Amino acid sequence: MDPIDTSLVDWSRAQFALTAMYHWLFVPLTLGLGVIMAIMETLYVRTGREFWKQTARFWMKLFGINFAMGVATGIILEFEFGTNWSNYSWFVGDIFGAPLAIEGILAFFMESTFIAVMYFGWNKVSKRAHLASTWLTIIGATISAWWILVANAWMQHPVGMEFNPDTVRNEMVDFAAVAFSPVAVVKFCHTVASSWVQGSVFVVGVSCWYLLRRQHREFAHASIKVAAWFGLVAALITAHTGHQSGRDIALYQPMKLAAAEGLYEGGTSQGLVLGGLLRPGADWASPSEESKFLFHVECPYALSLLATHKPDGYVPGIRNLLEGGYPLPDGSTALPAEEKMARGRRAIAALAEYRKAKDEAAKAAALTTLRENFDYFGYGYLNSPAELVPNVPLTFYGFRIMVMLGGYFLLLFAGLLVLGQRIEKQKLIQWAVVLTIPLAWLASQAGWVVAEVGRQPWAIQGLLPNVAAISRLEVGSVQTTFFIFLVLFTLLLVAELSIMGKAIAAGPETDTPTA
Amino acid sequence: MLLRRIVRFYLEGFRGMTLGRTLWGIILLKLFIMFAVLKAFFFPAYLQGEKEEKEATVATELTDRAAAE
Numbered sequence: 001m002d003p004i005d006t007s008l009v010d011w012s013r014a015q016f017a018l019t020a021m022y023h024w025l026f027v028p029l030t031l032g033l034g035v036i037m038a039i040m041e042t043l044y045v046r047t048g049r050e051f052w053k054q055t056a057r058f059w060m061k062l063f064g065i066n067f068a069m070g071v072a073t074g075i076i077l078e079f080e081f082g083t084n085w086s087n088y089s090w091f092v093g094d095i096f097g098a099p100l101a102i103e104g105i106l107a108f109f110m111e112s113t114f115i116a117v118m119y120f121g122w123n124k125v126s127k128r129a130h131l132a133s134t135w136l137t138i139i140g141a142t143i144s145a146w147w148i149l150v151a152n153a154w155m156q157h158p159v160g161m162e163f164n165p166d167t168v169r170n171e172m173v174d175f176a177a178v179a180f181s182p183v184a185v186v187k188f189c190h191t192v193a194s195s196w197v198q199g200s201v202f203v204v205g206v207s208c209w210y211l212l213r214r215q216h217r218e219f220a221h222a223s224i225k226v227a228a229w230f231g232l233v234a235a236l237i238t239a240h241t242g243h244q245s246g247r248d249i250a251l252y253q254p255m256k257l258a259a260a261e262g263l264y265e266g267g268t269s270q271g272l273v274l275g276g277l278l279r280p281g282a283d284w285a286s287p288s289e290e291s292k293f294l295f296h297v298e299c300p301y302a303l304s305l306l307a308t309h310k311p312d313g314y315v316p317g318i319r320n321l322l323e324g325g326y327p328l329p330d331g332s333t334a335l336p337a338e339e340k341m342a343r344g345r346r347a348i349a350a351l352a353e354y355r356k357a358k359d360e361a362a363k364a365a366a367l368t369t370l371r372e373n374f375d376y377f378g379y380g381y382l383n384s385p386a387e388l389v390p391n392v393p394l395t396f397y398g399f400r401i402m403v404m405l406g407g408y409f410l411l412l413f414a415g416l417l418v419l420g421q422r423i424e425k426q427k428l429i430q431w432a433v434v435l436t437i438p439l440a441w442l443a444s445q446a447g448w449v450v451a452e453v454g455r456q457p458w459a460i461q462g463l464l465p466n467v468a469a470i471s472r473l474e475v476g477s478v479q480t481t482f483f484i485f486l487v488l489f490t491l492l493l494v495a496e497l498s499i500m501g502k503a504i505a506a507g508p509e510t511d512t513p514t515a
Numbered sequence: 001m002l003l004r005r006i007v008r009f010y011l012e013g014f015r016g017m018t019l020g021r022t023l024w025g026i027i028l029l030k031l032f033i034m035f036a037v038l039k040a041f042f043f044p045a046y047l048q049g050e051k052e053e054k055e056a057t058v059a060t061e062l063t064d065r066a067a068a069e
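From first to last, the protein sequence lines are chains A and B.
Heads up: the first sequence begins at 1 in our numbering, then just goes up one per residue.
Heads up: the second sequence begins at 1 in our numbering, then just goes up one per residue.
By construction, these hints were calculated from the structure, which means they are not laboratory data.
Just so it is clear, the structure is predicted and the values come from calculations on it, not from any experiment.
All C-beta atoms, glycine included, are put in the ideal place defined by N, C-alpha and C.
You may find that some hints are simply not true.
What the hints assert, rightly or not - Mimicking EDC-like on lysine to aspartate or glutamate, the simulated pairs with C-alpha atoms at most 16 Å apart in a straight line are: (1) B:K39 / A:E496; (2) B:K51 / A:D166; (3) A:K356 / B:E50; (4) A:K356 / B:D64; (5) B:K54 / A:D166; (6) A:K61 / A:D359.
To be verified - Chain B is nowhere near these chain A residues, computed Cβ spacing over 10 Å in every case: (7) W24; (8) K124; (9) F180; (10) K358; (11) G380.
Just need the whole structure built from these sequences, with the hints factored in.
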């Protein structure tokens, strides 16, 4: 059998990344804006003020536009699993299938039922029933996100399963371990909270646009107040869960942490890189006499503190991870990559022997070898330890973009709350807030770049690299669908921006359109 | 009776839509492109046949792609 063409791996990854990133343009605004409009409707029900009803209805209209554009874009990812990632789809078995099925059912029944009441039910159901529908719509969407993130978290930290060599599938043996793995819980909280931040940035940005145009001022001030408070709380939760996520990465994906920090030589008492420039063209898989940085600024001890909760804790760098020999948190010693690769090849050979074995004794012997080495199964597909090193510059800069923008959003929301009505006269700040809108999307996408690029070469951490996960297709057919998606999704994005722009220009019906 | 009220609720809701008509048009067009074009012509299931055949195909792929010693 011919070896897999590396360009097929690259194009398959590019295609999946493109569709996932486009899908993620729509999802966070749904999750964030949904809660904000539900808070505004709650204010309407509690105060009885018609103003809050019209405010909620306006944001609900923008929510609907975004929801309609984004709905079903995720289905394409599932098409790709079956066509481009067939080995992966088979190998993950019901572990991936179960959460996605639950997500599909929940999305259909909860979101589609309550969203209809939310849009069609004004003046037809009671205020409280309508409010309940609005909250249930966004709760349904958030629970849907939970199951998708459970599936993603399992790929980052596979737990709760047992590999069955007869079916060549991983079978779920502990549903709770999969659904509530620490990585899944933290990932969910971090992703949803950051989506709330994104929704808040969108609301304050659009509101500042009205202030700049001297339109809908009461509406704008009220929206800024609600979104800034919500955004501030969400940004604090995002920061806290981001810290927890860093701890998880240190435990389960240390190579990702090393790449995000540009840490080649690890050790105790490691500092956190606050900023810096990587040396262009540096070889991150080999030692060099030159520093891997052109310059950088560190916060002493902070990385050790983040990763181990001890200022003098040991954090392995890329070199340590490849060469092994450093102490692990459980007291054992890390294996070198070469040894993991040898064990992986042993596991794969044992799978082949198991499937060819004619008698029970041979099967049992092969199964024992497979089980002993299964934790390293994926390493058996790697030709060199260097393949374990992800794209360091992309991970390093992506991490810094995400964190710096997260800090900026926190300050922005706090600043807006301090300013209050005085923002009316601050044209520069109003412009800055409007121009912040795309930065929320940039931060969100950068977060996913860190999460996904930083864990390369793995489709499933330690068990299946991309080179084994993809289908044996013609490179040309993957390229064709890549460009079809690029055109299709770009058209969708243009349509969304156009419809959204018109709806924003039309404005809410809370007051006279111009001051 | 309840079913009739639910159907009327939806019918009146759909009839009363303004921007919603455009959005539904986009959703239906999108679903048509996804299922009738993309899924049908560009995304066939790669693994074909009975369960045992799929198992054998994946097993062969996974064992043959192992790195050489």
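Right, here's what the structure says about each hint:
1. At roughly 23 Å between alpha-carbon atoms, B:K39 and A:E496 are farther apart than 16 Å, so this suggested pair is violated.
2. Under the criterion of a C-alpha separation no larger than 16 Å, the hint pairing B:K51 with A:D166 is consistent with the structure, at around 11 Å.
3. At most 16 Å may separate the alpha-carbon atoms for a hinted pair to count; A:K356 and B:E50 exceed this at roughly 20 Å.
4. Under the criterion of a C-alpha separation no larger than 16 Å, the hint pairing A:K356 with B:D64 is consistent with the structure, at around 13 Å.
5. Using a Cα cut-off of 16 Å, the hinted pair B:K54 and A:D166 holds, with the two alpha carbons roughly 12 Å apart.
6. At most 16 Å may separate the alpha-carbon atoms for a hinted pair to count; A:K61 and A:D359 exceed this at roughly 66 Å.
7. Chain B leaves A:W24 outside its interface by the beta-carbon criterion, the shortest separation being 17 Å against a cut-off of 10 Å.
8. Remark: the non-interface label on A:K124 conflicts with the geometry, its nearest Cβ contact in chain B lying 7 Å away (cut-off 10 Å).
9. With a least CB separation of 29 Å from chain B, A:F180 remains clear of the 10 Å interface cut-off, as annotated.
10. Against the 10 Å criterion, A:K358 stays outside the reach of chain B, whose nearest CB is about 16 Å from its own CB.
11. Some Cβ of chain B comes within 10 Å of the Cβ of A:G380; the nearest lies about 5 Å off, and the non-interface call is violated.
Of the numbered hints listed earlier, those contradicted by the structure are 1, 3, 6, 8, 11.
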